[in-house]
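Protein chains in written order, with full-length UniProt numbering: chain A, 1 to 253; chain B, 1 to 253; chain C, 1 to 304; chain D, 1 to 304.
Bear in mind the hints are in silico, worked out from the structure with no lab data behind them.
Keep in mind that this is a model prediction, so the values were computed, not measured.
Ideal Cβ positions, reconstructed from N, Cα and C, are used throughout, including at glycine.
Do not rely on the hints blindly, as some may be mistaken.
Unchecked claim - DEER-style ranges, computed between Cβ atoms:
| no. | chain 1 | residue 1 | chain 2 | residue 2 | range |
| --- | --- | --- | --- | --- | --- |
| 1 | A | 64 | B | 162 | 54 to 60 Å |
| 2 | C | 250 | D | 40 | 41 to 47 Å |
| 3 | D | 90 | A | 61 | 34 to 40 Å |
| 4 | B | 88 | D | 205 | 36 to 42 Å |
| 5 | B | 231 | D | 4 | 52 to 58 Å |
| 6 | C | 108 | D | 118 | 54 to 60 Å |
| 7 | D | 293 | B | 1 | 51 to 57 Å |
| 8 | C | 210 | B | 234 | 21 to 27 Å |
| 9 | D | 4 | A | 85 | 41 to 47 Å |
| 10 | D | 58 | A | 167 | 32 to 38 Å |
| 11 | B | 88 | A | 143 | 28 to 34 Å |
| 12 | C | 285 | A | 83 | 22 to 28 Å |
As the list claims (entries may be wrong) - Straight-line Cα separation of at most 20 Å, PhoX-like style, residue types lysine-lysine; simulated pairs:
| no. | chain 1 | residue 1 | chain 2 | residue 2 |
| --- | --- | --- | --- | --- |
| 13 | A | 2 | D | 274 |
| 14 | D | 116 | D | 84 |
| 15 | D | 206 | C | 290 |
| 16 | B | 236 | C | 84 |
| 17 | B | 236 | B | 215 |
| 18 | B | 98 | B | 236 |
| 19 | A | 98 | A | 215 |
| 20 | D | 301 | D | 290 |
| 21 | A | 9 | A | 44 |
Residues per chain, in single letters:
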Amino acid sequence: MKQFLEDAKIVIHEAIIPTVWRMVFYAPQIAGAARPGQFVNVQKTGGQTFLRRPFGIVDADTAAGTVTIIYRVVGVGTREMAGMQCGDIISVEGPLGKGTFTTAPGRVLLAGGGVGLAPLIFLAKQLKDPIVLVAGKTASETFWTTFFESYAHTLYVTTDDGSRGQKGFAVQALPVILRENQIDRISVCGPTVMMRTIADTAASYGIACEVSMEKRMACGIGVCLGCTFEGKRSGKRYKVCSDGPVFPAREVF
Amino acid sequence: MKQFLEDAKIVIHEAIIPTVWRMVFYAPQIAGAARPGQFVNVQKTGGQTFLRRPFGIVDADTAAGTVTIIYRVVGVGTREMAGMQCGDIISVEGPLGKGTFTTAPGRVLLAGGGVGLAPLIFLAKQLKDPIVLVAGKTASETFWTTFFESYAHTLYVTTDDGSRGQKGFAVQALPVILRENQIDRISVCGPTVMMRTIADTAASYGIACEVSMEKRMACGIGVCLGCTFEGKRSGKRYKVCSDGPVFPAREVF
Amino acid sequence: MKQERIAVEFAGISMKTPVMGASGTFGFGIEYSDFLDIDTIGAIISKGITPLPRAGNDGVRVAETPSGMLNCIGLENPGVDAFKRDILPQLSRHDTPLIVNISAGTAEEYGELASKLNVDGVAALEVNISCPNVKEGGIVFGTRPEAAADVTRHVKDASHKPVIVKLSPNVTDITVMAKAVEAAGADAISLINTLTGMAVDIHTWKPLLGNITGGLSGPAVKPVALRMVWQTARAVQIPVLGVGGIASWQDAVEFMLAGASAVAVGAYNFVNPKAVAEIAAGMDQYCEEKGIGHISDIIGKIND
Amino acid sequence: MKQERIAVEFAGISMKTPVMGASGTFGFGIEYSDFLDIDTIGAIISKGITPLPRAGNDGVRVAETPSGMLNCIGLENPGVDAFKRDILPQLSRHDTPLIVNISAGTAEEYGELASKLNVDGVAALEVNISCPNVKEGGIVFGTRPEAAADVTRHVKDASHKPVIVKLSPNVTDITVMAKAVEAAGADAISLINTLTGMAVDIHTWKPLLGNITGGLSGPAVKPVALRMVWQTARAVQIPVLGVGGIASWQDAVEFMLAGASAVAVGAYNFVNPKAVAEIAAGMDQYCEEKGIGHISDIIGKIND
Ligand SMILES: Cc1cc2nc3c(=O)[nH]c(=O)nc-3n(C[C@H](O)[C@H](O)[C@H](O)COP(=O)(O)OP(=O)(O)OC[C@H]3O[C@@H](n4cnc5c(N)ncnc54)[C@H](O)[C@@H]3O)c2cc1C
Ligand SMILES: Cc1cc2nc3c(=O)[nH]c(=O)nc-3n(C[C@H](O)[C@H](O)[C@H](O)COP(=O)(O)OP(=O)(O)OC[C@H]3O[C@@H](n4cnc5c(N)ncnc54)[C@H](O)[C@@H]3O)c2cc1C
Ligand SMILES: Cc1cc2nc3c(=O)[nH]c(=O)nc-3n(C[C@H](O)[C@H](O)[C@H](O)COP(=O)(O)O)c2cc1C
Ligand SMILES: Cc1cc2nc3c(=O)[nH]c(=O)nc-3n(C[C@H](O)[C@H](O)[C@H](O)COP(=O)(O)O)c2cc1C
Ligand code: FES
Ligand code: FES
Numbered sequence: 001m002k003q004f005l006e007d008a009k010i011v012i013h014e015a016i017i018p019t020v021w022r023m024v025f026y027a028p029q030i031a032g033a034a035r036p037g038q039f040v041n042v043q044k045t046g047g048q049t050f051l052r053r054p055f056g057i058v059d060a061d062t063a064a065g066t067v068t069i070i071y072r073v074v075g076v077g078t079r080e081m082a083g084m085q086c087g088d089i090i091s092v093e094g095p096l097g098k099g100t101f102t103t104a105p106g107r108v109l110l111a112g113g114g115v116g117l118a119p120l121i122f123l124a125k126q127l128k129d130p131i132v133l134v135a136g137k138t139a140s141e142t143f144w145t146t147f148f149e150s151y152a153h154t155l156y157v158t159t160d161d162g163s164r165g166q167k168g169f170a171v172q173a174l175p176v177i178l179r180e181n182q183i184d185r186i187s188v189c190g191p192t193v194m195m196r197t198i199a200d201t202a203a204s205y206g207i208a209c210e211v212s213m214e215k216r217m218a219c220g221i222g223v224c225l226g227c228t229f230e231g232k233r234s235g236k237r238y239k240v241c242s243d244g245p246v247f248p249a250r251e252v253f
Numbered sequence: 001m002k003q004f005l006e007d008a009k010i011v012i013h014e015a016i017i018p019t020v021w022r023m024v025f026y027a028p029q030i031a032g033a034a035r036p037g038q039f040v041n042v043q044k045t046g047g048q049t050f051l052r053r054p055f056g057i058v059d060a061d062t063a064a065g066t067v068t069i070i071y072r073v074v075g076v077g078t079r080e081m082a083g084m085q086c087g088d089i090i091s092v093e094g095p096l097g098k099g100t101f102t103t104a105p106g107r108v109l110l111a112g113g114g115v116g117l118a119p120l121i122f123l124a125k126q127l128k129d130p131i132v133l134v135a136g137k138t139a140s141e142t143f144w145t146t147f148f149e150s151y152a153h154t155l156y157v158t159t160d161d162g163s164r165g166q167k168g169f170a171v172q173a174l175p176v177i178l179r180e181n182q183i184d185r186i187s188v189c190g191p192t193v194m195m196r197t198i199a200d201t202a203a204s205y206g207i208a209c210e211v212s213m214e215k216r217m218a219c220g221i222g223v224c225l226g227c228t229f230e231g232k233r234s235g236k237r238y239k240v241c242s243d244g245p246v247f248p249a250r251e252v253f
Numbered sequence: 001m002k003q004e005r006i007a008v009e010f011a012g013i014s015m016k017t018p019v020m021g022a023s024g025t026f027g028f029g030i031e032y033s034d035f036l037d038i039d040t041i042g043a044i045i046s047k048g049i050t051p052l053p054r055a056g057n058d059g060v061r062v063a064e065t066p067s068g069m070l071n072c073i074g075l076e077n078p079g080v081d082a083f084k085r086d087i088l089p090q091l092s093r094h095d096t097p098l099i100v101n102i103s104a105g106t107a108e109e110y111g112e113l114a115s116k117l118n119v120d121g122v123a124a125l126e127v128n129i130s131c132p133n134v135k136e137g138g139i140v141f142g143t144r145p146e147a148a149a150d151v152t153r154h155v156k157d158a159s160h161k162p163v164i165v166k167l168s169p170n171v172t173d174i175t176v177m178a179k180a181v182e183a184a185g186a187d188a189i190s191l192i193n194t195l196t197g198m199a200v201d202i203h204t205w206k207p208l209l210g211n212i213t214g215g216l217s218g219p220a221v222k223p224v225a226l227r228m229v230w231q232t233a234r235a236v237q238i239p240v241l242g243v244g245g246i247a248s249w250q251d252a253v254e255f256m257l258a259g260a261s262a263v264a265v266g267a268y269n270f271v272n273p274k275a276v277a278e279i280a281a282g283m284d285q286y287c288e289e290k291g292i293g294h295i296s297d298i299i300g301k302i303n304d
Numbered sequence: 001m002k003q004e005r006i007a008v009e010f011a012g013i014s015m016k017t018p019v020m021g022a023s024g025t026f027g028f029g030i031e032y033s034d035f036l037d038i039d040t041i042g043a044i045i046s047k048g049i050t051p052l053p054r055a056g057n058d059g060v061r062v063a064e065t066p067s068g069m070l071n072c073i074g075l076e077n078p079g080v081d082a083f084k085r086d087i088l089p090q091l092s093r094h095d096t097p098l099i100v101n102i103s104a105g106t107a108e109e110y111g112e113l114a115s116k117l118n119v120d121g122v123a124a125l126e127v128n129i130s131c132p133n134v135k136e137g138g139i140v141f142g143t144r145p146e147a148a149a150d151v152t153r154h155v156k157d158a159s160h161k162p163v164i165v166k167l168s169p170n171v172t173d174i175t176v177m178a179k180a181v182e183a184a185g186a187d188a189i190s191l192i193n194t195l196t197g198m199a200v201d202i203h204t205w206k207p208l209l210g211n212i213t214g215g216l217s218g219p220a221v222k223p224v225a226l227r228m229v230w231q232t233a234r235a236v237q238i239p240v241l242g243v244g245g246i247a248s249w250q251d252a253v254e255f256m257l258a259g260a261s262a263v264a265v266g267a268y269n270f271v272n273p274k275a276v277a278e279i280a281a282g283m284d285q286y287c288e289e290k291g292i293g294h295i296s297d298i299i300g301k302i303n304d
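Can you make the complete structure from the sequences, with help from the hints?
Here is the structure:
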């Protein structure tokens, strides 16, 4: 799994909703190597950040040589990114992470909340007819469904306030989904509490589950040890950035 | 002399030669107050510099509310500025400096070298028929003459290599200029050696001379004491930024 | 802005906000009057005043560094007599406390200087025992607890004003210094002064600064300043004035949570001459949004 | 690139360039092999190795700061035995010196650890007496000259390798520490390790880092590192490895002019994983343009 550093030209940059942006840049080496679950570490050179910022890969178009990310504006780095224009150059390191999503055949449930849904889009594209569960606080945070429509067999939606789909948390939709579908495997990415509750439910149903973790990172390539944790079953020390970010749920929760 | 802090929109930004740029921005309060010899302290917010950068005011159009500077790209700050586009916002503090050029009536010689010519343009505009001496290393560094053409009574040019005008340093042109014109006063801005030699010659001819000084600055408003020097005659401590940048030559050399 | 919500008393001085202009970066305050209403800020801390006039260091005195700057001004100032004669009267029109920052060569001279400043218009003294840019005194007083205590005692004995002792960060254990000056009677502590740094010109092979080394300040040093404020605030009973890299109200709030009773803005004034006022306004807004009754309620409330 | 022009010998180790990857920021080198040819760099300095495996600190371990970062990893590492068994063999394919960075709780343990590293594939030891992120030992060894000398002696006695002692910048006088370890037999000194700093989360009122304080590094600290290298290089006879905030070949040249015989790049590797190679190339180019016959010709040549 080779990693690259590319000065990538931004080819599409648009706000999906005012706080969430989609950026497509030309980084052919990274595009050629990317696999679902991997991420890139980006930086606007000459800006105010020191460290790079990690974002899950949403799509990699080998033919066009482009990579897509979707990011939420939360702080100085993402604010700076949102100010960039098409044609601007962004420095991109990737694809990072050896712990990727499983793409083996089977009926897979993809469950995500918030920007955690971003890397699941890339996974959905590489699976056959996945079942997708989009969880959001409120209807306006469920725009993600549009990105899954062409890949998903069935799309479920939950919102905390019930403004779209089933009212409640993602985990509350599981019994119905598992009843209505013959699920072999679950891949989850979202807030920790969501990942934990889904992992617990999956375990109780005896269904394999993998989760994509998020930790503060400095290097993204396994050298700083800023992002490590101890595997729950194995007791092994893992680096989220290089051993992950995707891990079997039973090693995490 | 009131000072302002304005977020100024860039309205014209062009390279005169590849390394020297002209920037015009909309800063009506500063434009309304500016006087020849004063400077502005600018910063691209969100960039890589910490301190502001000082530049002499080249023109202030009260009606249009615009201020012009001309700067040479020499380091990180000016490189960053050169990357800015029309429509971008630059933070501008000014007009700074209480020691301004004398604009009283008389036949005045303006002598400048390199970017030292920038503030003399503003002065030329406010004087009646000044004599102007443009000094440069080589012909391509004498483009400054175009900025003086409409104001100058007579334009003299020297180049170190003789590729345009008289060959030699600025000071070597003085005997001829002083013979051909009845000069009451000299205002100089340029490299220290140029200012000193002209000041010495002026003194030997008994002609009043003022020079515009340049020192590393942190604040630009007289609080940090980064830019002070001791007056040669008075023994007084001066701040280049607030007591100057223009001083009687006899206080400096 | 609900001024009363952020009005504080620091070392016995009433201030309209907890945000002051730091010594050497705020002149005597009046230089900023085009940019902010100096009658509404916390306090003005003057440039360092010495017994006799000083011309400061030769050569280049300021240099930019990543997110900060170096300076080696060398305490240029007109001396205490000229200060009292020429500058103090100009400031008396203003209704903002003036804290006079003082430096001297011996503990006795510190005392004499302090006694000359027992005059109207001086709200307090900030005793600079930590200037890295002068040869005599500075280093010894700022790095040896006994010497620091000695200076503090001399100033306390001579002065009728609250005495704030300003510590150097260039020490192994800041709490040793803090406890020494507290025991010697200091009414408050301010920190940090600058970290000693340097820059080299790779074209000329010469030091960039005239004095070779200089004091590093600005956002670059904020993490160090914050750590030292946190350590000091829990080591002493007297209030701490937090200084070092403050460039936003968020920074100021961090310092207060870490234990500072008030803060001062230094080098960032050069970037934004309205900073002292804007930071206070931001803190007021923070109180509003967080439902904090008074800014003092957050002092030292870090949950560590 | 005329490699011979920038090839150096540092503490008896031949290196192809004077630019190394600093401990804790360069893994074991192989992690960078997609970004640069690790057979062409100066040296790899390993993550800190301890006698027993360590899990490091809990909670958030890294945070960005203006032009820098804080870390409180807490010396997570597999321990010396696993290092020798699992990692060292992987590195033996490479033709670049590996300097093993070591930490322990007592001077005796430092010695035992050093003796376990008298093996092929280890070019030298870098003795970390300055880790701010662990409770036992670190602070005392890094700030007390006698303790530092004691550790140095134990390592020297036990080791057949060149011994580089890495100093902490969190001290009043770096030259006191440098002279102490020189007298105790150190073959070289490296500095600086990180400055102790802190950050506070103003939303949760908690320290941002799991360990409350952490080590500050990156361009923000460069002026302090450069000053300490300059002070140290003129205080001792042994060579100095300059570390702290290096992010460009210009920075590296500054360190060498100030007295460093070689340099290491730390946090900036995270920003540009090719930095160690690109900085060396830039130094070579600088020699070319300046007509400098060999990079060593500039060591300590600052004209101060
Ligand atoms: C493997 C991985 C994949 C990610 N994928 C995505 C994605 O596809 N879309 C998306 O919107 N976000 C994603 N994130 C989170 C994203 O990295 C942060 O939102 C972003 O770094 C915030 O940067 P900032 O400068 O705007 O915020 P600041 O708060 O100003 O950043 C300060 C520092 O904290 C770090 N930081 C802040 N928030 C987070 C966070 N939630 N996780 C990790 N580090 C953080 C930053 O990287 C930076 O070092 C991912 C994080 C990781 C670790
Ligand atoms: C009163 C005054 C008026 C000036 N007017 C003009 C002008 O009209 N046009 C123009 O091109 N230049 C002018 N200069 C010089 C200009 O300020 C510098 O060229 C500019 O600051 C360089 O910034 P940099 O970041 O590109 O260079 P860097 O070398 O990266 O800057 C590093 C630091 O050094 C300072 N610095 C670098 N060179 C100089 C210099 N020559 N003088 C003062 N400080 C310097 C910078 O301000 C900054 O703080 C003037 C300087 C002063 C003091
Ligand atoms: C140009 C300059 C001059 C200074 N002069 C003094 C001084 O005279 N006395 C003093 O105690 N501190 C002086 N300081 C230190 C500041 O008051 C402050 O402690 C330090 O700069 C850290 O704060 P900052 O990071 O916000 O600048 C000076 C700082 C600067 C930048
Ligand atoms: C994440 C991280 C981990 C570090 N771990 C070690 C270590 O294990 N041993 C050590 O001696 N220094 C360690 N350091 C210190 C660096 O080697 C270096 O001395 C310091 O970061 C200053 O250099 P820089 O500013 O280039 O980063 C670490 C630094 C960082 C940023
Ligand atoms: S982020 Fe550095 S090891 Fe994972
Ligand atoms: S630049 Fe600060 S006093 Fe002149």
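Quick rundown of the hints versus the structure:
1. At roughly 57 Å, the beta-carbon separation of residue 64 of chain A and residue 162 of chain B lies within the given 54 to 60 Å, and the hint holds.
2. For the pair residue 250 of chain C and residue 40 of chain D, the beta carbons lie near 44 Å from each other, so the given range of 41 to 47 Å is met.
3. The given range of 34 to 40 Å is respected by residue 90 of chain D and residue 61 of chain A, whose C-beta atoms sit roughly 35 Å from each other.
4. A C-beta distance of roughly 38 Å is found between residue 88 of chain B and residue 205 of chain D, which places it inside the suggested range of 36 to 42 Å.
5. At roughly 55 Å, the beta-carbon separation of residue 231 of chain B and residue 4 of chain D lies within the given 52 to 58 Å, and the hint holds.
6. Range check, residue 108 of chain C to residue 118 of chain D: about 59 Å between beta-carbon atoms, so the 54 to 60 Å window is met.
7. Checked against the hint of 51 to 57 Å, the C-beta distance between residue 293 of chain D and residue 1 of chain B comes to roughly 55 Å, which is consistent with it.
8. At about 22 Å, the beta-carbon gap between residue 210 of chain C and residue 234 of chain B stays in the expected band of 21 to 27 Å.
9. For the pair residue 4 of chain D and residue 85 of chain A, the beta carbons lie near 46 Å from each other, so the given range of 41 to 47 Å is met.
10. Taken as a hint, the range 32 to 38 Å holds for the pair residue 58 of chain D and residue 167 of chain A, whose Cβ atoms sit roughly 36 Å apart.
11. Separated by about 31 Å at the C-beta atoms, residue 88 of chain B and residue 143 of chain A satisfy the suggested range of 28 to 34 Å.
12. At roughly 24 Å, the beta-carbon separation of residue 285 of chain C and residue 83 of chain A lies within the given 22 to 28 Å, and the hint holds.
13. Between residue 2 of chain A and residue 274 of chain D the CA atoms are separated by roughly 15 Å; this keeps the pair inside 20 Å, and the hint holds.
14. Distance restraint check for residue 116 of chain D and residue 84 of chain D: the Cα-Cα separation of roughly 9 Å lies within the 20 Å cut-off, and the hinted pair is therefore satisfied.
15. For the suggested pair residue 206 of chain D and residue 290 of chain C, the alpha carbons sit about 15 Å apart, so the restraint of at most 20 Å is met.
16. Straight-line distance between C-alpha atoms of residue 236 of chain B and residue 84 of chain C comes to about 18 Å, which keeps the hinted pair within the 20 Å bound.
17. With a C-alpha separation of about 17 Å, the suggested pair residue 236 of chain B and residue 215 of chain B falls inside the 20 Å cut-off, and the hint holds.
18. With a C-alpha separation of about 16 Å, the suggested pair residue 98 of chain B and residue 236 of chain B falls inside the 20 Å cut-off, and the hint holds.
19. Proposed proximity of residue 98 of chain A and residue 215 of chain A is supported: the alpha carbons are some 16 Å apart, at most 20 Å.
20. Taking the CA atoms of residue 301 of chain D and residue 290 of chain D, the gap is near 14 Å; set against the 20 Å cutoff, the hint holds.
21. As the CA atoms of residue 9 of chain A and residue 44 of chain A are separated by approximately 11 Å, the hinted pair is consistent with the 20 Å bound.
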